[in-house]
Every structure is written in C-alpha cells, then in structure tokens.
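Trainee: Here's the letter readout for the chains.
Protein chains: 2
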Amino acid sequence: MGDIPARIRVIEMGPREGFQMEPAMIATERKVELIEALAESGLGTVECASFVNPKVVPVMADAEQTVAAIRRKPGVRYTALWLNERGLRRAIATGKVDIQGFLALNASEAFVARNTGMTLDKEADEQHRWLETYKECGVPVESAGIGSAFGCNFQGDVPISKVVEQVGRIRDIAASHGETLKRVNIADTMSWGTPQSVKRVIGAVRERFPELGIGLHLHNTRGMAMANAYAGLEMGADEFDTSVAGLGGCPFAGHKGAAGNLCTEDFVMMCEEMGIQSGVDLERLIEAARLAERIVGRNLPGAVMKGGSLSGLRNRRQ
Amino acid sequence: MGDIPARIRVIEMGPREGFQMEPAMIATERKVELIEALAESGLGTVECASFVNPKVVPVMADAEQTVAAIRRKPGVRYTALWLNERGLRRAIATGKVDIQGFLALNASEAFVARNTGMTLDKEADEQHRWLETYKECGVPVESAGIGSAFGCNFQGDVPISKVVEQVGRIRDIAASHGETLKRVNIADTMSWGTPQSVKRVIGAVRERFPELGIGLHLHNTRGMAMANAYAGLEMGADEFDTSVAGLGGCPFAGHKGAAGNLCTEDFVMMCEEMGIQSGVDLERLIEAARLAERIVGRNLPGAVMKGGSLSGLRNRRQ
Chain A
6 MGDIPARIRV IEMGPREGFQ MEPAMIATER KVELIEALAE SGLGTVECAS
56 FVNPKVVPVM ADAEQTVAAI RRKPGVRYTA LWLNERGLRR AIATGKVDIQ
106 GFLALNASEA FVARNTGMTL DKEADEQHRW LETYKECGVP VESAGIGSAF
156 GCNFQGDVPI SKVVEQVGRI RDIAASHGET LKRVNIADTM SWGTPQSVKR
206 VIGAVRERFP ELGIGLHLHN TRGMAMANAY AGLEMGADEF DTSVAGLGGC
256 PFAGHKGAAG NLCTEDFVMM CEEMGIQSGV DLERLIEAAR LAERIVGRNL
306 PGAVMKGGSL SGLRNRRQ
Chain B
6 MGDIPARIRV IEMGPREGFQ MEPAMIATER KVELIEALAE SGLGTVECAS
56 FVNPKVVPVM ADAEQTVAAI RRKPGVRYTA LWLNERGLRR AIATGKVDIQ
106 GFLALNASEA FVARNTGMTL DKEADEQHRW LETYKECGVP VESAGIGSAF
156 GCNFQGDVPI SKVVEQVGRI RDIAASHGET LKRVNIADTM SWGTPQSVKR
206 VIGAVRERFP ELGIGLHLHN TRGMAMANAY AGLEMGADEF DTSVAGLGGC
256 PFAGHKGAAG NLCTEDFVMM CEEMGIQSGV DLERLIEAAR LAERIVGRNL
306 PGAVMKGGSL SGLRNRRQ
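Chains A and B, in that order, give the protein sequences. Numbering-wise (our numbering), the first sequence opens with residue 6 and increments by one. Numbering-wise (our numbering), the second sequence opens with residue 6 and increments by one.
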C-alpha cells in the first residue's frame, strides 16, 4: 500500500455538477446555504456555479448572485465552471470566484465529435486559445483534465496509450505558452472505469510523467466509483472530485440511469478509516449531505449519511 | 495484481437474505420466479429460503413450498439457511435443498452477547454440537464463517488477531470431529470493513492458514461494499456472497440506514471487465435484477441495472 497518499484534497462538485443535473430550479439562498455548510465542514475547495448560457442551463442562471451571496470562509477556494471566454469573463467580473485556469482534452475522438462537433486536433487547438485568454486575464494555469479517459459510450474502450498521449499533448501545449502543468485530472466521464483500468491508466501516466500530480473525477453509474477511488488511492492519486450525498445523478435514475459523482462523505469516511487525511469534519459533512437531500427534496444515494459514520458509532459507544 | 483469482464463485443471497428484510409478504411463486431467473443467469449457488421460526420471520414461512416449487436447473446448488437443528431437519426433509454443513463463530464478543446471549466460548461449544448433528444427518462440513470480523456496532473495532484466532479455533473444532475445513467466509456483518482492513484481515488469515480458501460476505451500509470486494479480489478471495439488485437493505433506508449486500450484477460486471470469470450471463442477471425490483415494488440500489453494462454498450455500438 506504499503509494497511498497520507493526505488528499477533496474537490466538492455538488453545488455545481450536482445541482446542474436537477430538473427543478433551486433558490439561490438554498445553494448558498449548502455551499457554506460544505465549506464549514472543512472542504478546501467548493465548486459553486457554472457560468454558462442560462437558456441552456436555467438552474445556473443565478451564478453571479450565488457567488456574491456566499459568506466566505478564509482559506476555502470557491471555484466555478465556464465553457467559453464569455463565461470566464463573467466569473472574473464577480470578483468572488477563485479563478483557476484549466485546460481540457478528451481521449475519445467519438465523444468529442458527438459533444462539440470537433476533432481531437481541433480540441487541442482550442487549448492554445484558452492559454492566451488566461494569460490575457492574468490567470495562471496549473492543471489539465483528460475527459472520457476510461471508455466512451460512443467509441467503446479507450486505449491507455491514447490517455498518455493526450496528457503529453496538453503538457506540451501548456509549455509552449510558458506554463508548467502540475497536475492532471483523469475523468471517467461516462463511468467506464474499473479498479483495474484506473490502476493501469494512472500507472501509465505516472510512469511517463512522474512530475504530475494525479486527480480523479469519477461517476457511479455502474456502482464502481468507490472501488475506483480506492484503486486510485493505491496508485497515488491525491485529488478527488466528489459530490456531497452523491448529487449529480439523474432524478429519474430508474429510467435514465445516470448516477451521481463519487459521494463526498462516503469517500471521506473511507479515507478517514484508512488514516488518509482530508481535513474534513465528517459529522459536519454528513449534516451538509442531509441538507442537500432536503434541498432537492428526495433521497440521494449517499450511504454514510444513512448508515452513520464509524467514528460516530465509536463515539456513541464511549 | 498477482493474487486476483482467474475465476470466482458468486453465492446469490437475494431470495433469502434479501427477501428476509422485506416488511411485506412475498408470494411463493414470485420468489420461485426470481430464484429460477437467477439460476438461469448462470449463478452456481442460489440461497432460496430460511428454515426459521415463521412467527419470527413470517416472510420465510413458505420455505418448504418455495424449495419444492423450484424448477431445478442441473448443476445449480439451491441452498438455505437454518439457525437450529429443527430448521436443519426441516430443510433436509424437503429433499429439495442442497444441504451444506456450515459452522459459524464471531469475532466480536459484544455482538454475540447482544445477539444470542452467549459468550464466544459458548458459541464455540455450540459448534461441537453442530458437528455432531451434521454427522448424524450425513452432512459434510467444508466451510465456516467468521461473523462481525471487521468491527461491531456494540464493541467497536475488532482486532485482526481475534479473527485469526477464531479461524484457528473453528478449524481445530472441525478437525476434532474428523472434518477438514476447506474455506472460511469472513463476514462484515455490520459493515465496518474498509478496503484496507479487508486486505489486512485476509492477509493475516491467509498467512496463518494458507490452505483455506477465502470467501467474503459484505454489506453496503457505508458505501464501501464494492471497494471492499475489489480489495478482497486483490488478496485472492474467490467466493462472494451477493444479492441481486442489492436486495437486503431496509426499505426505509432514509430513516434506518441498513443498506443491502454487495450487489450481484454490479460485482459480476466489475469482475467481467477485469477478466475474472464468474460463469454468469450479465444481461440475464440484469433482467433478474429488474424482476427483483418488480417483486418488491420499489427501486433497488443496483447501479448496472439502471446504467447498463459495458458489454451491452459495446454490443449496441457494433
């Protein structure tokens, strides 16, 4: 278990990636309440909003109001998503978002074609433009994501060599603009990963790029998010995107089948039990998970929020 | 990944351990329908009923009728649970149950005291009586279970040395009656296991008793069942108790919090994707999981039955 990190960073995605999947509008003050509860639990980064077209994603139309209303806790990073320059400039204009430059390539050509109409080459070209924009805005770039890294509903399996190639490609693109990538986030966008493929992909990336930290973005559509996270920990991944209570699934999962992200509090408990520091107060996080359930008004998939934490059980015995 | 087995056995617990948790009665013919669908999917062992006091577990009052009605598929073992000699004799009398002698100790003294009013010593004494009874009935004994092996709601953490001690104890008890144990089933009765403790416990047991095969009985109360199963596979465990669709949870999980067993089809898919043979036809198994949902009349926690199997996605692309 030599590669298991002593300390990890948990990037909370619930208020952004989770709420984005919700069919109903969510009041700004409820979003803010959850974001504040998550920050109070000790999470170091909370993704708060998407600065995207409100006609396409109405639930994110109040991105500006959301980030403006947050009572900020010192030391916490309040991040956001944007998909184009307009979104980035909206986020910057708030003065309330911890702007982090982020580059992104995919490993599946078919997914990119379907999703954006681009080729992988065109997607790479776009990253040059992003680097210029970030430079113009004074935003440093330290990390990049590789999407559809473990497989793709449209392409099927994705070769590990393609993931390694794309990591090298984005690293070189960043370098050509004078930026040095510090970490890469490997995303199982369509929930194709298994513990074995997680190990193999991370192993191959680390072998080739030992200087890069490894993050994982996992979904639980096929029930393997936690097993994949564990496999990632075993391979030294030390940054994990998660959603409180497992938010992010389709509320009509019985029919449509999209499950949420790796559940924050379940993952934090697993880490806590294995002696891996996350800096999070698990009981406060569980309260935040219950708040998330109240906000969306239905049961969410998180397990520890129902079954109770082991530290809680130990304490009650004393 | 050297210890990962090439082939595993999946022991289906849904019709017994799963249905036993159901608050409502389930018609015998519906149970039989599910048992037959599970056997048709390629599962080699299906636990069909509990021969227990019908006043205590009314949903199992039709144990005799259930096993009598099954249209048996050659090669499949149709097993059952009993908790006392009367139950064993009822199961034998049907002539329809594949009787397997089974011994059981726990690793948590507090759990045994709470659950049965016995001490661990008394529980061990009982196993001598079971061995005599099995001999009298002509039933061979090849395996034993160690319950509450990873922790206990009443005792807290359980030392690994205690699990190893109990494995040795039950092996010696069996040997004193001329029986040679071939495998031990390590049960995470109260869902305290983590991938790390699963590895440590199995490692310690295998180190001391290399001749014993290792089975795991896992629950998902804290969201770690699949990660724990993966950790078990990494340590060479090759027999897993599972429940179709993740049956076995409390239907009021939002309040009471008991989640079900490791989900059969999610686990089978993980194994299939990692090249581990289980002999199961995943698509037929998913159909059985959907049948289980129709029978209990509510959503069950299985993920692959909603998200679709990867082999299914690959096939649809062709």
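It is possible that part of the hints are untrue.
No distinction is drawn between identical chains; accordingly, a pair holds when it is met within one copy or between any pair of copies.
[What the hints assert, rightly or not] In silico SDA-like pairs for lysine to any residue, Cα to Cα no more than 25 Å straight-line:
1. 204 x 10
2. 167 x 320
3. 167 x 318
4. 167 x 280
5. 204 x 8
6. 187 x 304
7. 204 x 142
8. 140 x 282
9. 204 x 313
10. 167 x 50
11. 127 x 106
12. 204 x 11
13. 101 x 129
14. 140 x 181
15. 167 x 321
16. 204 x 12
17. 167 x 322
18. 167 x 279
19. 140 x 167
20. 204 x 38
21. 60 x 166
The set of hints was computed from the structure by calculation and includes no laboratory data.
Trainee: Cα distance capped at 25 Å. Does residue 140 pair with residue 282 within a copy, between copies, both, or neither?
Mentor: Neither way: residue 140 and residue 282 sit 34 Å apart in one copy and 52 Å across, limit 25 Å.
Trainee: Quick one: residue 140 to residue 181, C-alpha cut-off 25 Å, is that within a copy, between copies, both, or neither?
Mentor: Answer is within; shortest intra-copy Cα gap is 13 Å, inter-copy 77 Å.
Trainee: Within, between, both or neither: how does the pair residue 204, residue 10 come out at a Cα-Cα threshold of 25 Å?
Mentor: Classified as both; 15 Å inside a copy, 17 Å across copies.
Trainee: Between copies, within a copy, both or neither: which fits residue 167 and residue 320 at Cα up to 25 Å?
Mentor: Answer is between; shortest inter-copy Cα gap is 22 Å, intra-copy 48 Å.
Trainee: Since the copies are identical, ignore which copy is meant and state whether residue 167 and residue 280 lie within 25 Å (CA to CA) inside a copy, between copies, both or neither.
Mentor: Result: close only across copies, 21 Å inter versus 34 Å intra.
Trainee: From the Cα coordinates, with 25 Å as the cut-off, is the pair residue 167 and residue 322 best called within, between, both, or neither?
Mentor: between (51 Å within a copy, 20 Å between copies)
Trainee: At most 25 Å between CA atoms: does that hold for residue 204 and residue 313 within a copy, between copies, both, or neither?
Mentor: between (30 Å within a copy, 23 Å between copies)
Trainee: From the Cα coordinates, with 25 Å as the cut-off, is the pair residue 167 and residue 321 best called within, between, both, or neither?
Mentor: between (50 Å within a copy, 23 Å between copies)
Trainee: Could you place residue 101 and residue 129 in one of the four classes (within, between, both, neither) given a Cα distance threshold of 25 Å?
Mentor: neither (29 Å within a copy, 64 Å between copies)
Trainee: Between copies, within a copy, both or neither: which fits residue 167 and residue 279 at Cα up to 25 Å?
Mentor: between (33 Å within a copy, 20 Å between copies)
Trainee: One pair to classify: residue 204 and residue 38, alpha carbons no more than 25 Å apart. Within, between, both, or neither?
Mentor: neither (37 Å within a copy, 40 Å between copies)
Trainee: My question is about residue 140 and residue 167: at a cut-off of 25 Å on alpha-carbon distance, are they close within one copy, between copies, both, or neither?
Mentor: neither (28 Å within a copy, 60 Å between copies)
Hints 6, 7, 8, 10, 13, 19, 20, 21, counting from the list given before, are not met by this structure.
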